[in-house]
Each structure stands twice: as structure tokens, then as C-alpha cells.
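Q: Residues per chain, in single letters:
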Amino acid sequence: DTEVTQTPKHLVMGMTNKKSLKCEQHMGHRAMYWYKQKAKKPPELMFVYSYEKLSINESVPSRFSPECPNSSLLNLHLHALQPEDSALYLCASSQEQGARIDEQFFGPGTRLTVL
Amino acid sequence: KQEVTQIPAALSVPEGENLVLNCSFTDSAIYNLQWFRQDPGKGLTSLLLIQSSQREQTSGRLNASLDKSSGRSTLYIAASQPGDSATYLCAVRRNYGQNFVFGPGTRLSVLP
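Protein chains in written order, with our numbering: chain A, 10 to 124; chain B, -6 to 105.
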């Protein structure tokens, strides 16, 4: 099973709402990632979790709050977003064994629209 | 800072042609390079992963090469089909780093 799943597929929220994006993988991967992708642009890294610990935060605004409850799940909590945060949010995972890091597998994404 | 570029930005070819997509990176101290395809509004599908010690990888009609010293990788697609139409992205991972740097992509259209 080389699948990364993401829910929901689509999300529309107001600027005062609180919502969460979810990501799940059952490949035994110990590194999980959140990316943001705007239309016709490449993905931009937001966060990396390694062995359930946050290892990279690419200066993302605090209105985005990641959480890794266990090795298979990754959440992204959203609060007080701005319209410019509308984008495709992608989750990915990869195996990680010491210094060896293998290929990334991506989920289908959540299309977020902030009104 | 690692910068990744891809040429061409867009490509339109008739079905059956062999084609080459190019990816260039500025810092040769990479750990690996991965090629992806992305259909509109969808996630990324991994095509090939090349470790820094490798020169090429093959999967079906796809062949990817890596020349670290010159900072270049190419993706060769043989006998292109309309189903190959998508955006192709290369991503470079620096040594022992956990983050990829993506190129801007090449948008490919294969015409029937």
C-alpha cells in the first residue's frame, strides 16, 4: 500500500472559522510533510515531522498549526485564515532510517477556499 | 540556497514522439532527485527517484538521468501518449536534509 489519504477533498471556510485538515498513511513512514501549492506554482514546504516531532517549520504564520498524534496521522489546524491562504494543501510521507531518506509519496490534496 | 529550474516551461508534441524534459539545480551537494507528474488539481505522483550516487533510473517508457557535477537531470519519455499530458516537476533534496526544493514544472501536452 503506497497510499497517502487526505480529508476533506474540498473545504470552504470563512476567515473566523476553525477547521482541520487530516492526512493518513500506513506505509510505516516516519517522516510526514505539509505543502502549500498555489495555482500554476510548485509546492512550497510548510512543515516536516520526523518521528512525530516537528523538525522543520518554514516560517509559516501561526494561523496554521500542525499536529502529529501518531506515526500514521498528520493534522493541520486552521484558524483565522486569510483569502490569500486559499490553495491546494498537500500531505506527503517518506521512509526515514537514520541519514537515509527515500522517495516522497503525496496525497491527493485538500482544495481550500477562504472567503 | 538551492535553486531549481526546468526547461521548457511548456511543451506540445504529437503522439508517438520521444521527448526530453530538463531540470537544472545550482548546488550539486544533493542527496537525491525525484521526478513527479501532476494532473490538474491533483496530488503529485512519484515517477522516478535517483540517488546522488546513481546516474540513471528507468521505469517503463521513462528514463531519468543525473549529472551532479553539471547540476542537471533529464527525464526522457519514449513514444509519448495523450495520457502523458500533465505537469512534470523535479525536486531536489539536499544532503541529509528533509526538504525538497521543487522546480517550477514543465507543462506537457501530447496531442492525439
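Treat the hints with caution; some may be incorrect.
[As the list claims (entries may be wrong)] Calculated lysine-lysine pairs in the DSS-like style (CA-CA distance at most 25 Å, straight line): (1) K50(A) <-> K31(A); (2) K31(A) <-> K47(A); (3) K62(A) <-> K49(A); (4) K35(B) <-> K18(A); (5) K50(A) <-> K(-6)(B); (6) K49(A) <-> K31(A); (7) K28(A) <-> K18(A); (8) K61(B) <-> K18(A); (9) K35(B) <-> K31(A); (10) K45(A) <-> K28(A); (11) K31(A) <-> K18(A); (12) K18(A) <-> K49(A); (13) K28(A) <-> K35(B); (14) K35(B) <-> K(-6)(B); (15) K27(A) <-> K45(A); (16) K27(A) <-> K62(A); (17) K47(A) <-> K61(B); (18) K62(A) <-> K28(A); (19) K47(A) <-> K35(B); (20) K18(A) <-> K47(A); (21) K50(A) <-> K18(A); (22) K61(B) <-> K62(A); (23) K31(A) <-> K62(A); (24) K45(A) <-> K31(A); (25) K(-6)(B) <-> K49(A); (26) K18(A) <-> K(-6)(B); (27) K62(A) <-> K50(A); (28) K28(A) <-> K47(A); (29) K45(A) <-> K35(B); (30) K18(A) <-> K45(A).
The set of hints was computed from the structure by calculation and includes no laboratory data. As the structure is a prediction and not an experimental result, all values here were calculated from the model.
Q: The structure should be examined with respect to each hint, and the outcome stated for every one.
A: Hints and how they fare:
1. Restraint check for K50(A) and K31(A): satisfied, since their Cα atoms lie roughly 23 Å apart, inside the 25 Å limit.
2. With a C-alpha separation of about 19 Å, the suggested pair K31(A) and K47(A) falls inside the 25 Å cut-off, and the hint holds.
3. A C-alpha spacing of about 31 Å is found between K62(A) and K49(A), which places the hinted pair above 25 Å, so the restraint is violated.
4. Between K35(B) and K18(A) the alpha-carbon distance is near 10 Å, which keeps this suggested pair within the 25 Å criterion.
5. Of the supplied pair hints, the one linking K50(A) and K(-6)(B) holds, its CA atoms being roughly 19 Å apart against a limit of 25 Å.
6. Only pairs whose Cα atoms come within 25 Å are accepted, and K49(A) paired with K31(A) is accepted, the gap being roughly 24 Å.
7. Taking the CA atoms of K28(A) and K18(A), the gap is near 13 Å; set against the 25 Å cutoff, the hint holds.
8. Distance hint between K61(B) and K18(A) is unfulfilled; the C-alpha atoms sit about 38 Å from each other, more than 25 Å.
9. Distance restraint check for K35(B) and K31(A): the Cα-Cα separation of roughly 16 Å lies within the 25 Å cut-off, and the hinted pair is therefore satisfied.
10. As the CA atoms of K45(A) and K28(A) are separated by approximately 16 Å, the hinted pair is consistent with the 25 Å bound.
11. Of the pairs offered as hints, the one joining K31(A) and K18(A) holds, with about 10 Å between alpha carbons and a cut-off of 25 Å not exceeded.
12. For the given pair, K18(A) sits about 19 Å from K49(A) by alpha-carbon distance, which is consistent with the 25 Å threshold.
13. Pair hint K28(A) plus K35(B) holds up; C-alpha atoms about 21 Å apart against a cutoff of 25 Å.
14. The straight-line distance between the Cα atoms of K35(B) and K(-6)(B) is roughly 28 Å, outside the 25 Å bound, and the hint therefore fails.
15. For the suggested pair K27(A) and K45(A), the alpha carbons sit about 18 Å apart, so the restraint of at most 25 Å is met.
16. Between the alpha carbons of K27(A) and K62(A) the distance comes to roughly 23 Å, so the proposed pair stays at or under 25 Å and holds.
17. At most 25 Å may separate the alpha-carbon atoms for a hinted pair to count; K47(A) and K61(B) exceed this at roughly 29 Å.
18. The hinted pair formed by K62(A) and K28(A) meets the criterion: a straight-line CA distance of about 22 Å does not exceed 25 Å.
19. Between K47(A) and K35(B), the direct Cα distance comes to roughly 12 Å. Compliance with the 25 Å bound is thereby established for this hinted pair.
20. Among the hinted pairs, K18(A) with K47(A) is consistent with the structure: their alpha-carbon atoms are about 16 Å apart, no more than 25 Å.
21. For a cut-off of 25 Å, the pair hint linking K50(A) to K18(A) stands: about 19 Å separates their Cα positions.
22. In summary, the hint linking K61(B) to K62(A) is not supported, as the alpha carbons are separated by about 32 Å, beyond the 25 Å threshold.
23. With a C-alpha separation of about 17 Å, the suggested pairing of K31(A) with K62(A) holds against the 25 Å cut-off.
24. For the suggested pair K45(A) and K31(A), the alpha carbons sit about 14 Å apart, so the restraint of at most 25 Å is met.
25. Between K(-6)(B) and K49(A), the direct Cα distance comes to roughly 22 Å. Compliance with the 25 Å bound is thereby established for this hinted pair.
26. A threshold of 25 Å between alpha carbons decides the hint, and for K18(A) with K(-6)(B) the separation of about 34 Å lies outside it, so the pair is violated.
27. A hinted pair counts as satisfied when its Cα atoms are at most 25 Å apart, and K62(A) with K50(A) does not qualify at roughly 28 Å.
28. Simply put, K28(A) and K47(A) have alpha-carbon atoms about 20 Å apart, close enough for the 25 Å limit, and the pair holds.
29. With a C-alpha separation of about 13 Å, the suggested pairing of K45(A) with K35(B) holds against the 25 Å cut-off.
30. At most 25 Å may separate the alpha-carbon atoms for a hinted pair to count; K18(A) and K45(A) meet this at roughly 14 Å.
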